[in-house]
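In the order they appear, the protein sequences are chains W and R. According to the numbering used here, the first sequence is numbered sequentially starting from 961. According to the numbering used here, the second sequence is numbered sequentially starting from 56.
In short, the hints are calculated from the structure, not lab data. Positions of the beta carbon are idealized from the N, C-alpha and C atoms, including for glycine. No false leads were mixed into what you were given.
With a cut-off of at most 30 Å between alpha-carbon atoms, the simulated DSSO-like pairs for lysine-lysine come out as follows:
hint, chain 1, residue 1, chain 2, residue 2
1, W, Lys1308, W, Lys1413
2, R, Lys224, W, Lys1413
3, W, Lys1395, W, Lys1337
4, R, Lys82, R, Lys284
5, W, Lys1141, W, Lys1003
6, W, Lys1267, W, Lys1381
7, R, Lys183, W, Lys1440
8, W, Lys1316, W, Lys1137
9, W, Lys1413, R, Lys124
10, R, Lys243, R, Lys200
11, R, Lys200, W, Lys1440
12, R, Lys291, R, Lys224
13, R, Lys183, R, Lys173
14, W, Lys1424, W, Lys1413
15, R, Lys200, W, Lys1325
16, R, Lys183, R, Lys161
17, W, Lys1413, R, Lys183
18, W, Lys1413, R, Lys200
19, R, Lys82, R, Lys111
20, W, Lys1413, R, Lys111
21, R, Lys169, W, Lys1424
22, W, Lys1440, R, Lys161
23, R, Lys111, W, Lys1424
24, R, Lys161, W, Lys1424
25, R, Lys212, R, Lys224
26, W, Lys1440, R, Lys173
27, W, Lys1440, R, Lys224
28, W, Lys1424, R, Lys183
Non-contacting residues of chain W with respect to chain R, defined by C-beta distances greater than 10 Å in every case (computed):
hint, residue
29, Ser1026
30, Lys1130
31, Lys1137
32, Thr1351
Just so you have them, the derived chain R footprint on chain W, three or more residues with Cβ under 8 Å:
hint, stretch
33, 1402-1413
34, 1420-1426
Below are the chains, spelled out letter by letter.
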Amino acid sequence: MANQSVQDIIDSEKVYEAGFITDVESETLPPGLDENVVRHISKQKNEPEWLTDWRLRAFKSWQNMSPPAWGHIDHPEIDYQEISYYSAPKSQLDGPKSLDEVDPELLATYEKLGIPLHEQAALAGVVQDSKSNNVAVDVVFDSVSITTTFKEKLAEAGVIFCPISEAVQKHPELVKKYLGKVIPQRDNFFAALNSAVFTDGSFVYIPKGVRCPMELSTYFRINERNTGQFERTLIIADEGSHVSYLEGCTAPMRDENQLHAAVVELVALGDAEIKYSTVQNWYPGDAEGRGGIYNFVTKRGLCAGRKAKISWTQIETGSAITWKYPSVILKGDESVGEFYSVALTNNKQQADTGTKMIHIGRDTKSTIIAKGISAGKSDSTYRGLVRISPTASDARNFTQCDSLLIGHECGAHTFPYIESKNSSCVVEHEASTSKVSEDQLFVCQQRGIDAEKAVSIIVNGFCKDVFRELPMEFAVEAGKLLEVSLEGAVG
Amino acid sequence: MSLLSIDNLSVNVETSGEERTVLNGLKLQINPGEVHAIMGPNGSGKSTLAHVVARKPGYSIQSGVILLKNQPINEMEPEEVAQLGLFLGFQYPVEIPGVSNMEFLKASSDSVNKARSKEPESTTDFMKRVRSIASSLDLDQEFLKRGVNEGFSGGEKKRNEILQMLVLKPDLAVLDETDSGLDIDALKTVSNGVNAFRDSSNGVLLITHYQRLLDYVVPDFVHVLSEGKIIQSGDKSLALELESKGYAWLT
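In isolation and in its complexed conformation, chain R is listed as follows (with noise of 0.2 Å):
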């Protein structure tokens, strides 16, 4: 079975009133065990895409099917999706005003282990197994008391958006520029993050400008969008290749 599997998708967005094709004819396949990155030049899709998998509204689909492990998805709610196991790592983390970090964690882990039919962990499990979590990723105990991304740095968002995966442990993670804005020290927490979900059963699809993620985090395949499709994809190489000669090769 594919964690995710995409068929000639495209997609419109509509925007100040006119339809505009962000995605076309776009094929992609991710496997267990996977990490795939997608790299491509500004406004080529990569963050349409994360959106899309993730049913964003404000997307419609105009052909194609997307699978998440077998299930058509293209009809379901966002909170479906997730609830099916796909994470969302996003670019522009949201900060909500009040509500603590642990509290959202909670809430979230609740309501998909009630989706799942599944009894939700005990609040003195959940929190023990957060803090070392947390503490993993250089976050200490105050930051899970603190209003979600509310005053954040934007490396402390990003490495929270690494957090609630780890504690979310979702089928597929779809990380989108987790990796702009970190500096050096704070690149290789995230990396180590995301290393540490990988395993055999899950997959991960990184969005990225930079090959220097790629360095610390290494896939098995690389993509390269453009226009709304993938134009060439390859190993870990082809990253390398993008970085000395840019896209224009390509396009």
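Pulled out of the complex, with its shape left as it was, chain W reads as follows (with noise of 0.2 Å):
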């Protein structure tokens, strides 16, 4: 359906045209893409014309893109017209207003991942008191963003954290400069697509020399059956200023397959720093392989003046599917990029993930340290690529690419590429893989410690290079949640 003619396009047009009207009130689209979908979602966020313009020129490219077949992954098509793509509760006032309000699955899911309960609050989206908490929290549930703490606060240091979708309105100028500037709508399918349907999402602005007082979180909650979520967010840095942010997912258990295809674009002024981490836990589907999100993202950082830093890191646990590549473009001279990842897969969980550092400033940095995870029946595969271009002279590199394998049905891949254009650099790339040794766990079993305890220790100690870059609030959540991630993998 993917490739379906233009004609048929237009003859679905016609039976989606009626439904919308119905469907406009509890806020849900039927299923289905086509341009009416587009100026609707951009009519629902009271966008002004050139940014429905500018969603209809991404929806005319995707139209004539085809998905990536170049993952190590493999999936069903995916039939575009299948998917809803605009789910809101009916009003913003019926997000949970109290703990008690709040789906206790999901307080239960915190409880185990061990998150205390003032956090649990916050991200639930139930609004602190601002001296019991130091994290501001956006919450985007499906296509909206339901709440974002501490406004007022990151105000008074003249920070901008705001739903996408309200910067459009207040800070348009902002907006228009920046969007799809580090990732141009044609990048490639997935961000098209989402150029054209993107929902919500977070904006951050760091104004020149101001040292963002807390860290930022968004919490993304896909809830809604058979829809996508296709959220984008922007932060941008600028010059001398700091940000840390954060973000994590989660999706409740269904038996078919959800499209999670997000867009996150990064600017990073001159001696700017941004400090990226995620906890994405989407449902990674049954042992079976039933259900769970196919979680198709595009990430990328432009260090856009001198001394800029941007810093990936991501553990990435959940999902059917990741297909997704954090990657720094060093434009600045002297420019740093960085990308810690942990991805961990079980059952017949499948992740391609790694990233891209493309060299062309002087004297520019990056660092790659990623940590593949394999249990169960599932496949891991880092893919990764270092480009300095003929201008990077006396750029960098320093890659470290380690496989952990748990069992005898998992896999574990490595694509490297290489390409250094400039003789001045230096390059280097180190790879390991192992496996959970037998004499590992009887060691820590000998010492008192379970089989499950002991995978779970071993597993993070050989994730510690990556959770040390971590903030302090969520490394502990990352261990915790790679334990709950692993749960079964020891027979």
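Join the two chains into one complex using the hints; note that each chain is given alone, in its own frame.
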């Protein structure tokens, strides 16, 4: 269906057109994608004409593109007409106002993950007393942002942290200047789709010289059946500023696959630093590989000025399929790009993930530490590109890829690409593959630690270099998440 | 109550599809306050005995009962035996990269306490205790932050086993060739650790090739193991005799 004819699209448009009115009342669009859907989303968000046009251009591009086929992943073709592209609670007032109104299953999940209760409240979208928490949170349910905490406190520092739909209204000049500048609409199939139908996501602007006074965090939740989530995040760190941002994601268990195609763009101007951390725990599907999220995400940062620094840290434990390559374009001289990743797959999960470091400026430096853990019948792939442009004199890269296998039926693959067009650069690549050995397990057990806990300790040790990069509050969470995700990995 | 009581133990192991008998009617009893040494030629079953009492997978018990503190352990998981109070000092300590020594010791101590329905030791108290034991073994503080056995020298690995034993305070410590590969200074340090551990309530089973360890840790009993069973028992003088005569006169 992805390659359907223009006539099909026109025909389907007629069918869906009638559907709009009734469904607008419940604010959930019926499945299907055409120009009207794009216009409808734009209208729902009360967007200016330039943005509606921008979306429509993206939609036209997307229609002529096909999904990438080079990933080491395998899944049935996605029917883009079977997905609903917009879903929102009837009114934002229906969002949870107190802990009592929050889905108990959600609370139980956090309990299991060991997030303290006050933090739970913030994550679930309950506005908290500013003294009890030093993390500001934006909460996105399906296609809308429910709440953003600590807006006032942040405003005092001049920091803008709000849903992107709000930024379009209140800060159109910033959005217009940067939207799609790091990741062009036509960058790839999923980026084009996102550009056409993106719904919500976070917008951050840190003014010149400001060190953001608290961690910023966005919590994404896919809730509705048959919906896709297409959030868009844009973070701009002006000269000499500093921000640390964390996103977390979950979705309920459903038998069918759901699509998540996000775009995240980061811009760091001269001397600015952005630290972007992800704890991705979308529903991975069941043990037989039924259901789960298809996570096709495009993330890229631009070190636009001298000595800018962008650091990606990701803990990927969820999703049936993960396809993402958070990248850095090192344009400013002496700019720094970092990528720290833990990708864990269990049961029948598949992950093809890595990074691209594009060195353009002089004396640019990048570091890649990627840890892949495969258990069950899963497949984990590291795919990375280090490109040294002719202009990138004295550029340096260090890459380390380690794979850890648990059991006999899983796979680990590494596809490193190095393109060097400047002879003054230094590029290093180290790789290793190891197994959790019977001997390691026995040693732990002989010291009184049961097998399941032992695997978790060994895996946590393997990931230490990456966990070190996470903000303190989330390093513990990440460790516990690995433990939960590995349940049943030792037979 | 004896700490360890083994009667008529026979054990098979399968290697490349072939079953072999590795212990054959072994009998051994260790009471509180006793140090036993087991010696014997290569392949006589010394390490096998250590593995079997620790319930390492891969060994099938054909007959006999192993009682640890009067509890049969034939069917127990390795961690259950450890929680009950058995410690195995490994001949070849294994690396666990990225997991710091201190972290590993705390996880271990907490698991044992939990199994015994005891409160975990507070992190501050625990670290203080571990640091003081480490310095008694000539291990500096930096050592505790390093990954378990990661890049350790042979001597450091063995001293680390002793450190773990002193921290966990088991009822019965089985030390599998803890003396092998040690220079004379390290051997003294390790021996001092074992002597510091000894008291009237616990027991030690030393598995060794060399009598020199027994100069420092003086055993109450020496046993000679051959072809899967104990063929001779005596006191420390037996070890000296073996040193001068070898094993041939016994087998």
